[in-house]
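Peer 1: Each chain is listed here by its residues.
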Amino acid sequence: MIFKNIHTIILLLTLFSLGACQGALQVDRVRDFKSKKTNIQKIVCIDPDFELLTTTGNKKTERRYRRASAKEIQLNNILVRNAQKNNLTLELVDTERLLPSNVEYFSQLAPLKREILQVSFLQDFVNRKKRKNQQKVFNRYEDGPAIGSHFSYLADEYGTRYFSVQGITTHRKPNNKQLVLLLTSPPFGVANLFSPEVDTYYYTIIADVVRAEIVYREIRRVDAPASDTNLNALVYDSFNIISQ
Amino acid sequence: MTALISYLNKGRWWTVDGGRTTINGGRWTMDGLLWTILLLCFAFVASGQTTGYQGKRLMFKTDLVSPVSERGINMGLEYVVLRNAVLGLDFSLTGKQYTQRITSYYDMYNEDPPIAASIRDMQVGITGQYFLNTALPAPKGSYVFGKYAIGQADIFAVDHIMREGEEDFLEGFEINNISSHQFDLGVGYQEVFFSFLLVDFDIGVSVASLFLNNNESELLPHREVLVGDFARKHGPNIFSLGVWRDTPGGIGLSMHLKIGILLF
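Those sequence lines, one after another, are chains A and B.
Numbered by the numbering used here, the letters in the first sequence go through residues 1 to 244 in order.
Numbered by the numbering used here, the letters in the second sequence go through residues 1 to 264 in order.
For reference, chain A alone in the conformation it holds in the complex:
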């Protein structure tokens, strides 16, 4: 029976291997971070970043990195629009639109953003019980990485205790043309031949300045360019998780 249908089995295996388009998502949050409990209504987003990273394959200029200001405006609009769709108010502070009189950004929010990024890089979420950190897609912890308590005054100033750092990094890589894909499945192969090899990373880190800790952290990777439809899907889903 197996040998009679061996061609079908081979065909199925080929098809499933072709379908292995991958992405990744990891969400770490403290146990109390739930909008129904904490009633999150407003988040202050500190200067979202849109960064372009290019790996050329050339040894002299192996990596190129630059900030995309034009894309940042596009990202800002997507963030605000999708937050609204999830009944969240996102107050976006963008350095591109700052006036010379807005000095408080550099004295208040810029240090907070730096602190959030450093702490998120250096510390992990922890459970009180000495269990190993979970490695699932969605993880809940007792405590988040601790930030300085001297930022708590910002809660009164901005009318919310939640401040976020969000951004997109796209990584353009040399295109590895897959000849096997072209031979075994021409439609997928042709698409692969003409599409650039790009990974898009989207991250969100939310800090609670009153509790002085990072309460939510999310990182996503999709092997697709940062098009409007992709960003809308990513950002809406992100705010949907936050607002649940």
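No lab work stands behind these hints: they were computed from the structure.
If you're wondering where the values come from, they're calculated on a predicted model, not measured in any experiment.
Be a bit skeptical, because a hint or two may be false.
Unchecked claim - Footprint (simulated), chain B over chain A, 3 or more residues, beta carbon under 8 angstroms:
| no. | region |
| --- | --- |
| 1 | 158–167 |
| 2 | 224–237 |
As the list claims (entries may be wrong) - As a list, the in silico DSS-like pairs of lysine-lysine whose alpha-carbon atoms are at most 30 angstroms apart:
| no. | chain 1 | residue 1 | chain 2 | residue 2 |
| --- | --- | --- | --- | --- |
| 3 | A | Lys136 | B | Lys96 |
| 4 | B | Lys233 | B | Lys96 |
| 5 | A | Lys113 | A | Lys42 |
| 6 | A | Lys113 | A | Lys85 |
| 7 | B | Lys96 | A | Lys71 |
| 8 | A | Lys71 | A | Lys113 |
| 9 | A | Lys42 | A | Lys173 |
| 10 | A | Lys34 | B | Lys56 |
| 11 | A | Lys85 | B | Lys56 |
| 12 | A | Lys71 | A | Lys42 |
| 13 | A | Lys34 | A | Lys173 |
| 14 | A | Lys173 | A | Lys136 |
| 15 | A | Lys42 | B | Lys56 |
| 16 | A | Lys173 | A | Lys85 |
| 17 | A | Lys34 | A | Lys85 |
What the hints assert, rightly or not - Sample of chain A residues lacking proximity to chain B, with all beta carbon distances greater than 12 angstroms (derived):
| no. | residue |
| --- | --- |
| 18 | Arg63 |
| 19 | Lys71 |
| 20 | Asn82 |
| 21 | Lys85 |
| 22 | Val93 |
| 23 | Arg97 |
| 24 | Leu112 |
| 25 | Gln118 |
| 26 | Asp124 |
| 27 | Phe138 |
| 28 | Tyr153 |
| 29 | Arg172 |
| 30 | Gln244 |
Cβ coordinates follow ideal geometry from the N, Cα and C atoms, glycine included.
Since the structure of chain A is already known, use the hints to place chain B on it.
Peer 2: Frame of chain A, contents of chain B only:
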């Protein structure tokens, strides 16, 4: 749902017992099974972090390949039930025509009969899609899918009649209300444009079966062979690799290019 239940009644592994359709020796009723599936879907919806595309979860899609390859239509409604899973109801109507190879006719005239045989098949089915990219929620991205469809088919074919002392002729015959089943398994990719337009491409293995024996009218054994000969191409819409088991119906490769809209 009513249409689905009426089609399910034509199956093989369940029986009609005093007006009630029962499965597994009468322990489950068919209605009970369908309600269980439906309730399980709602339970999944309630428990999962279902997003859809910007909150939109209901889709209507129609296939562009089917009118060309199968002279039919294929359309369906799909709903995002879980973060990465979509369930759907599918309707297809095909009217494919086949060139019959009748050995006696070919030996005599060195050509195939000029009248084409045809299988007209109407099916309803359930589809399930699992989207592989965890970072991008359904209905966007690449997915694996399975589809099970059941329906009714009508077959038209010709038979070469030769009688001693008479001129040979071709006689057409029909077999109606045949129970048909089809199972598809494969991979696909779906893209969303302008936040509402869907383009879905999938490719997979199709297995089809036509249960001639369930038909009420008597079928001559050699006509069963005649039907089985061209019915091996029935099912897959691109190419057939051969016959699946001993029942007429083919196994092979199918491809669909669907366009649709995200309703709400």
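Peer 1: For Tyr153/A, is the shortest CB-to-CB distance to chain B above 12 angstroms, so the non-interface label stands?
Peer 2: holds (34 angstroms)
Peer 1: Using Cβ atoms and 12 angstroms as the threshold, tell me whether Lys85/A really stays out of contact range of chain B.
Peer 2: At about 6 angstroms from chain B, Lys85/A fails to clear the 12 angstroms cut-off, so the statement is violated.
Peer 1: Is Lys34/A close enough to Lys85/A, meaning Cα to Cα at most 30 angstroms?
Peer 2: Holds: Lys34/A and Lys85/A sit about 18 angstroms apart, inside 30 angstroms.
Peer 1: Within a Cα-Cα threshold of 30 angstroms, do Lys113/A and Lys85/A meet the stated pairing?
Peer 2: holds (25 angstroms)
Peer 1: May I ask you to check that Val93/A keeps its beta-carbon over 12 angstroms from the closest beta-carbon of chain B?
Peer 2: The assertion about Val93/A holds, with a minimum of 25 angstroms to chain B.
Peer 1: Holds or violated: Lys173/A and Lys136/A, Cα atoms, limit 30 angstroms.
Peer 2: holds (28 angstroms)
Peer 1: Is the Cα-Cα distance between Lys173/A and Lys85/A 30 angstroms or less?
Peer 2: violated (34 angstroms)
Peer 1: Next pair to validate is Lys71/A with Lys42/A; report whether the Cα-Cα distance is within 30 angstroms.
Peer 2: Measuring from Cα to Cα gives roughly 24 angstroms; hence the hint holds.
Peer 1: Beyond 12 angstroms from every Cβ of chain B: is that where the Cβ of Phe138/A lies?
Peer 2: violated (8 angstroms)
Peer 1: Hint check: Lys71/A vs Lys113/A, CA-CA at most 30 angstroms. Holds or violated?
Peer 2: holds (20 angstroms)
Peer 1: Is the Cβ of Arg63/A more than 12 angstroms away from each Cβ in chain B?
Peer 2: holds (23 angstroms)
Peer 1: Would the non-interface assignment of Gln118/A survive a Cβ cutoff of 12 angstroms against chain B?
Peer 2: holds (25 angstroms)
Checked against the numbered hints given earlier, this structure breaks hints 1, 3, 7, 9, 13, 16, 20, 21, 27, 30; the rest are met.
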